[in-house]
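A.B. asks: Okay, here's what each chain looks like letter by letter:
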Amino acid sequence: MAISRRKFLNMLTIGSTACLALLSPITSWAAWASDAFNATSPDDAYKNLFGSTDTVDSDEVKLKVPKIAENGGAVPVSVKTDLKDVESITIFVKDNPQPLTATFQISAKTIPDISTRIRLAQTSTVTAVIKAGGKLYSKSQEVKVTIGGCGG
Amino acid sequence: MKVKAKSKNNITSVRVLAKHPMETGRRINKESGEKIPAKYIQELTCEHDGNVVFVAQFGTSVSKNPYLAFSFEGGKKGDALQIRWNDNTGDVAKVEAKIK
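Going down the list, the protein sequences come from chains A and B. Reading the first sequence from the start, the letters are residues 1 to 152 in the numbering used here. Reading the second sequence from the start, the letters are residues 1 to 100 in the numbering used here.
Quick caveat, the hints were computed from the structure, so don't treat them as lab data. On a predicted model such as this, the values are computed, not experimentally measured, just so you know. Possibly wrong hints are sitting among the right ones.
[Said to hold, decoys possible] Among the chain B residues that face chain A by a calculated CB cut under 8 Å, a handful are:
1. Arg26
2. Ala56
3. Lys64
4. Tyr67
[Claimed, not checked] Sample of chain A residues lacking proximity to chain B, with all beta carbon distances greater than 10 Å (derived):
5. Arg5
6. Gly51
7. Thr125
Every residue, glycine too, gets a C-beta built ideally from N, C-alpha and C.
One chain only, chain A, in its complex shape (with noise of 0.2 Å):
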């Protein structure tokens, strides 16, 4: 078999991140949410993640997510907003069997605006929790899911 050079660079790029990986310890391990990420309902999530389950429903807060998911294994999503000294802004799968599906830091430089994929077990509410300024803002909407993502 033929190594081409594309393939030949890949494999560096490979090499040179397992060496890396080796250097580095993991210290960002404990940073990661995990009684939250690991809660079973959106409530526990809530509390684990934010200490509260207060939020007020928001049209700053601007959900973009398609009303119906043919496949529910990749549905896009994208979180945006207007509003100032932005935390982060976390997604909620309410029906998934853990509702906390992904959480994103902003910084003073990082613009609120962002797009993922995530994947919907069945039809189910989308909530987009945006914190900002210490308060918690929120958008729901649901989407429909015509196969399901978690499945096995």
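With chain A held as given, fit chain B onto it using these hints.
C.D. replies: Then chain B, alone, in the frame of chain A:
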């Protein structure tokens, strides 16, 4: 992991496609009937010029081969970005990408 970063009007937009199975731990291997152990990215960070500009924490309901788009202020053409993820089994991947 594929990373594309572009700078325009002093704003750098970054798109990341991480290659990862994102196993939830709930899927069952149809042949053996055993559960496939969980393996998913827990944290993905992006560094620019020694500063962490973005941190994402994932649970199991992020799609396989996670896609992520975000942007931050600053960053010039030719600057380097360091992107790194670690998963629940301790695997780590790191890439450096140049801003275009």
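A.B. asks: Take the hints in turn and mark each one as holding or not.
C.D. replies: Each hint, compared with the structure:
1. Arg26: holds (6 Å)
2. Ala56: holds (5 Å)
3. Lys64: Cβ of Lys64/B sits 7 Å from chain A, so the hint holds.
4. Tyr67: holds (5 Å)
5. Arg5: holds (18 Å)
6. Gly51: holds (16 Å)
7. Thr125: holds (13 Å)
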